[in-house]
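Q: One-letter residues, chain by chain:
2 protein chains.
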Amino acid sequence: MTVTLKEVAELAGVSRSAVSRTFTDGASVSDKTRRKVEKAATKLGYTPNILARGLTTRRTKLIGLVSNNFHNPIFLEVFDQFTRKLQGVGLRPLLVNLSDETDPEASVRMLRQYSVDGVVVASSTLPPGFSKAFKDAGVPVVNSFGRYSTAPEFHVVGIDNVECGRMAALEFAKRGYKHVAFLGGPDTATSTQDRFKGFSGEISQNPDMEMTVSYAKAYSFEAGREEMQRLLNIRPLAEAYFCGDDVLSIGVLSAIEDAGLNVPGDIGIIGLNDMEMAGWQNINLTTIRQPVQQIINSSVELIVSMLEDPARYPEARLFPCEVIERGTLRPVS
Amino acid sequence: MTVTLKEVAELAGVSRSAVSRTFTDGASVSDKTRRKVEKAATKLGYTPNILARGLTTRRTKLIGLVSNNFHNPIFLEVFDQFTRKLQGVGLRPLLVNLSDETDPEASVRMLRQYSVDGVVVASSTLPPGFSKAFKDAGVPVVNSFGRYSTAPEFHVVGIDNVECGRMAALEFAKRGYKHVAFLGGPDTATSTQDRFKGFSGEISQNPDMEMTVSYAKAYSFEAGREEMQRLLNIRPLAEAYFCGDDVLSIGVLSAIEDAGLNVPGDIGIIGLNDMEMAGWQNINLTTIRQPVQQIINSSVELIVSMLEDPARYPEARLFPCEVIERGTLRPVS
DNA sequence: TTCCATTTTGCAACCGGTTGCAAAATGGAA
DNA sequence: TTCCATTTTGCAACCGGTTGCAAAATGGAA
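Chains A and B supply the protein sequences, listed in that same order. Reminder that position 227 of the first sequence reads as 227 in the numbering used here, one-by-one numbering, no gaps. The numbering used here runs 1000 ahead of the 1-based position in the second sequence.
Just so you know, these hints were derived from the structure itself, not from any lab. In this text the structure is predicted, and so the values were computed from the model without any measurement. Some clues are possibly wrong.
To be verified - Quick list of in silico lysine-lysine cross-link-like pairs, DSS-like style, CA-CA up to 27 Å:
| id | chain 1 | residue 1 | chain 2 | residue 2 |
| --- | --- | --- | --- | --- |
| 1 | B | K1006 | A | K135 |
| 2 | A | K43 | B | K1132 |
| 3 | A | K132 | B | K1043 |
| 4 | B | K1039 | A | K135 |
| 5 | A | K135 | B | K1043 |
| 6 | A | K39 | B | K1135 |
| 7 | A | K61 | B | K1039 |
| 8 | B | K1132 | B | K1197 |
| 9 | A | K61 | B | K1178 |
| 10 | B | K1061 | A | K135 |
| 11 | B | K1197 | A | K61 |
| 12 | B | K1043 | A | K43 |
| 13 | A | K6 | B | K1135 |
| 14 | A | K197 | A | K178 |
| 15 | B | K1061 | A | K6 |
Taking the hints into account, I'd like the entire structure generated from these sequences.
A: As structure tokens, this is what we get:
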């Protein structure tokens, strides 16, 4: 069925080594035998078995792409970018959906069984111990969208969530909002915690501003809507809400709309991510843009460099965010 | 670094075969040696290398998950379900993003290099020749969300798009719409063609109904919005539109809203898919539900059965759709 | 033509597993 | 205890590749 090295060697009248060598870069083969081999190979439709090769080279070109965010639309963009970039450098993503199992050990074991060359953990909600487990197992790992640390134990690529919180606060101050609110994602997520830290820190600098705080159960439409519905029953209402992320913001917007209130007239909203939907004209969400593409480019770059140097010193790479002004905050006065 | 069979055998004081046998189901090992092996294995943290095993067993448990729909939110649900179900039966998805390369041969070659056990082609827009290429290469393939055929050359699991078109038409008739429109996805997609066939066929049965037809450039928000903006400049307007899918419908809704018209008061809309967003309260789209979960369950079931019997006779599995009534069509009078 | 440095080649062992087969071990029955 | 059918075990070959090493081939220079 599937044609092997041996058959090509026989047809070309050379040794198996010769065939192997014409298919490995930089190996020593004369033009003459290379031509013979190539001719035989194309005739038989031969293509080397990467997994068999991997047995001796210890390179499978397989990268574990691990995530638990299969419900947030931004992750479709993330998967799109990751698969493209990885394919672009000849790597293949083995997708792992962590929504079911929470045991990091099981994933580590599984991915080692497949001798992946490296792992990308793409999540802002997984505990840091998760990426650590790969590192401890000797598997190159980069944690994308993870928490920044000044002494990272493994590679982290993402944004400075503390700074993002600060940006939201400054944006509110600039527009003269006095009573503002932090409406975070789940308070167990490090991203939520960091954003809160930056936000509250900045607000507390401002003696004439006050802040209320609450958390939605997830980074999701339903959770945002639910939490906002609850908040709408409590007076006084805040003038502006910094929401956990865009999809949560959209849930919040829908609750506000149902309550007959107007955005940005009655209430201001700022999200985070700038996913595609945020720009849809019927949503038109003012938000803080997370540079997904740069984060992913950089993550792939890092994982590639770790293939060459697995002991590469862990690094935290942070990308700046920017406010994308659309229609859910009142103008700067 | 990574511990192998041999080391376990040495520690346990048995042959390599014995170790291998304790890790393969149904192999003949006495309880005594099994215990010895297991003890040694856990002590060393041994776990068999699936890829090395695959060399002789010809089973890698790798499944190519091939798609080109990385921009339609419904596919996040699709990827979520597929990865879960595959993991559930011990298979691992190797994700292939076809957005860049269009050459089926390249993908076939690549996936054969990784000796995948099978391939799921998840797309309603890829040409049928694509799945065929895998079949011809001897790789078990199922085409999910593909076009139904009475004489399928490979396994197809999906919906009857002709019937869906008919359902939309009947729904319009039931609600007394007279001038209706088909606003399809790209007219090169077989799904679009089939839906048109069913829709127009049913409308033509109804002498007092008339129909206009147009196509958006893609199954996307922007394409739907753009096409609707164009249509809004042409009089007379249709009373109700059957849109290519949900995300396209949302674009259409946003164009209508911008034009100051009301849904369902001025214009009725019905979509297709029933993706999560369709149920969001600020969208509340009446749509035809495609049973994604059943389609995926069935696809995984089929691929599993093909692993046992690769020559399994090709089958087309169709799942019924149903209208989900929300707020974008006027009530039945 | 001879010599020698350099390039190319094939052999054989290896990567980490599985498996058919023959030999060894086991465990009742007589 | 002996015998024999059944179960368990290890050897050795294999899956489809790569690679170090020594031998063979090549190709100038003298």
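Q: Work down the list of hints and note, for each, if the structure agrees.
A: Structure-based check of all given hints:
{"no.": "1", "hint": "B/K1006 with A/K135", "verdict": "holds, 25 Å"}
{"no.": "2", "hint": "A/K43 with B/K1132", "verdict": "holds, 21 Å"}
{"no.": "3", "hint": "A/K132 with B/K1043", "verdict": "holds, 21 Å"}
{"no.": "4", "hint": "B/K1039 with A/K135", "verdict": "holds, 25 Å"}
{"no.": "5", "hint": "A/K135 with B/K1043", "verdict": "holds, 20 Å"}
{"no.": "6", "hint": "A/K39 with B/K1135", "verdict": "holds, 25 Å"}
{"no.": "7", "hint": "A/K61 with B/K1039", "verdict": "violated, 32 Å"}
{"no.": "8", "hint": "B/K1132 with B/K1197", "verdict": "holds, 24 Å"}
{"no.": "9", "hint": "A/K61 with B/K1178", "verdict": "violated, 58 Å"}
{"no.": "10", "hint": "B/K1061 with A/K135", "verdict": "holds, 25 Å"}
{"no.": "11", "hint": "B/K1197 with A/K61", "verdict": "violated, 45 Å"}
{"no.": "12", "hint": "B/K1043 with A/K43", "verdict": "violated, 49 Å"}
{"no.": "13", "hint": "A/K6 with B/K1135", "verdict": "holds, 25 Å"}
{"no.": "14", "hint": "A/K197 with A/K178", "verdict": "holds, 18 Å"}
{"no.": "15", "hint": "B/K1061 with A/K6", "verdict": "holds, 25 Å"}
In this structure, the earlier hints numbered 7, 9, 11, 12 are contradicted, and the remaining ones agree with it.
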